[in-house]
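The whole structure should be built from the sequences, with the hints applied where relevant.
Read top to bottom, the protein sequences are chains L and W. If you read the first sequence in our numbering, its first letter stands for residue 385, the second for the next number, and so on. If you read the second sequence in our numbering, its first letter stands for residue 101, the second for the next number, and so on.
Below, computed lysine-lysine pairings styled on DSBU-like, alpha-carbon distance capped at 35 Å: (1) Lys441/W with Lys523/L; (2) Lys472/L with Lys244/W; (3) Lys279/W with Lys417/W; (4) Lys417/W with Lys244/W; (5) Lys409/L with Lys244/W; (6) Lys472/L with Lys547/L; (7) Lys421/W with Lys547/L; (8) Lys547/L with Lys244/W; (9) Lys279/W with Lys441/W; (10) Lys298/W with Lys523/L; (11) Lys409/L with Lys472/L; (12) Lys279/W with Lys421/W; (13) Lys417/W with Lys547/L; (14) Lys279/W with Lys298/W; (15) Lys523/L with Lys279/W; (16) Lys421/W with Lys441/W; (17) Lys472/L with Lys175/W; (18) Lys175/W with Lys409/L; (19) Lys244/W with Lys175/W.
Computed list of chain W residues with no C-beta within reach of chain L, every gap over 10 Å: (20) Leu125; (21) Ile156; (22) Ile202; (23) Asn281; (24) Glu327; (25) Val444.
Simulated from the structure, these hints should not be mistaken for laboratory data. Note that this is a predicted model, so its numbers are computed, not measured. The C-beta atom is built at its ideal place from N, Cα and C for all residues, glycine as well.
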Amino acid sequence: MSLPLLFYIAALIAVGSAVLVVLNKNVVYSALLLVLCFFSLAIIYLLLEAYFLAVLEVFIYAGAIMVLFLFVIMLLNLGREKALEHFKYLQRGLSIFLVVLFFLGVFLLLLNDSSALHQPEGGFSAGGVYSLGEALFTKYLLPFEVASLLLLVALIGTVYLAKRKI
Amino acid sequence: MDFLGFIIILVKVLVVFAATMLTVLILIYAERRVSAFMQGRLGPNRVGPKGILQPIADGIKFLMKEEFIPAGVDKPIFILAPAILLIPALMTFAVIPFGSSITILGREIALQVADVNVGILYILALTSIGVYGIVLAGWSSNSKYSLLGGLRSSAQLISYELAMGLAVVSIILLSGSLKLNDIIADQQGYFLSWNVFKQPLAFVIFLVAVYAETNRLPFDLSEAEQELVGGYHTEYSSMKFAMFFMAEYANMITAAALTVTLFFGGWDFPLINETMLGNWGTALSVLAFILKMGFFLFLFIWVRWTFPRFRYDQLMKLGWKVMLPTALFNIFVTAGYLTIKSVV
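And the structure:
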């Protein structure tokens, strides 16, 4: 099987499952379709020879985060969508606005210069782990540290919310 | 890729798959005989000499049983769940090297199905997918015992995955590679260079976490018979139940093989340089791998009939308050040592 064909299959599954995540009424099915979406994204990463990113996509998003989502869904036993009823209009309006904004941005980008979309930044595939680690600790050190601070704040917040008596 | 290379890979896949399935059969037999021995019973000894055909009789029984799907289950997921659990369990062995390379007709063949350069992460990622099988089986069964089993197991697996991953990180720091072949090459030579002697703390954490990850006693909370009937597979019957069973044993095999690869030099036969002896060296290396793996598989059974089950809060306390900080401390010490070594 040729690689472009594989890409189109993976891309089709990714987009299809992402659409179904939104349209599905059963929350558990939505979560599972999202996992399917992550898997097809991982395949696309593999086709780009970014093995490390592909494995991390499966390991962290599919393997850890979505399991926690499922865990919460099952604990709350959210079978129906009535839990979201009163956010309905706000949610719809906001999401339509954001989608229009996103496509407008993509459209403008394509109109100006489409070549920027085809070129990945160099040194991406080679080594994977090494190049990623080096980029994180040299070029992107500040965003990396800011992200770690953000995670720490989230952790403290979680403890504060979960534990009423400190 | 040339045609011959394709054939070689196909043969390797078949050999590894058949060996895994055969080991599952042997394990089922061994578990029953060893447990019987430890409890002063006889165990299965009627089918075939010493009862060695018992697993095959069990398999036929599973196939012949009536397939029963209870009313009120979520049918698609109920049917899918055993497959989601079993497939990753069988896929993980693909990256584990089970011997040094063999030379046939001047062609060197590595005894490993796929030499992935993120090998260890591939295994961790796939084992984390197996959780879905358990959680979905518990949820789709529409039974409170199954749901409790599934919930317990997902919480348990996430908690111990962290400690296991961090224990592995210290090994990666030492060998400087995610490739399993490099990790084995790093432990070659004198057998004191095995990682178990360099990283004893990581080994203990990893071993305990592995028992939790495979849902074996003393961590089999998700299928605690006295409380949950059968846990997440309470509502399953016939071949679907057998698939859960097979997945558990396949996971044990991979876990044992991974323990050997990470901490006991993989296929390294102590004090012998396998690459000097040609194909005989390869045979020795495969033998060494099988013997080491066999020991850890026996240890699984041994531990099962020796330790009582943890209480759930004790399990969580051990995972988050003992294993995780210890693993972090171990990484800190290892990284500190490596930094000092690179400066001096």
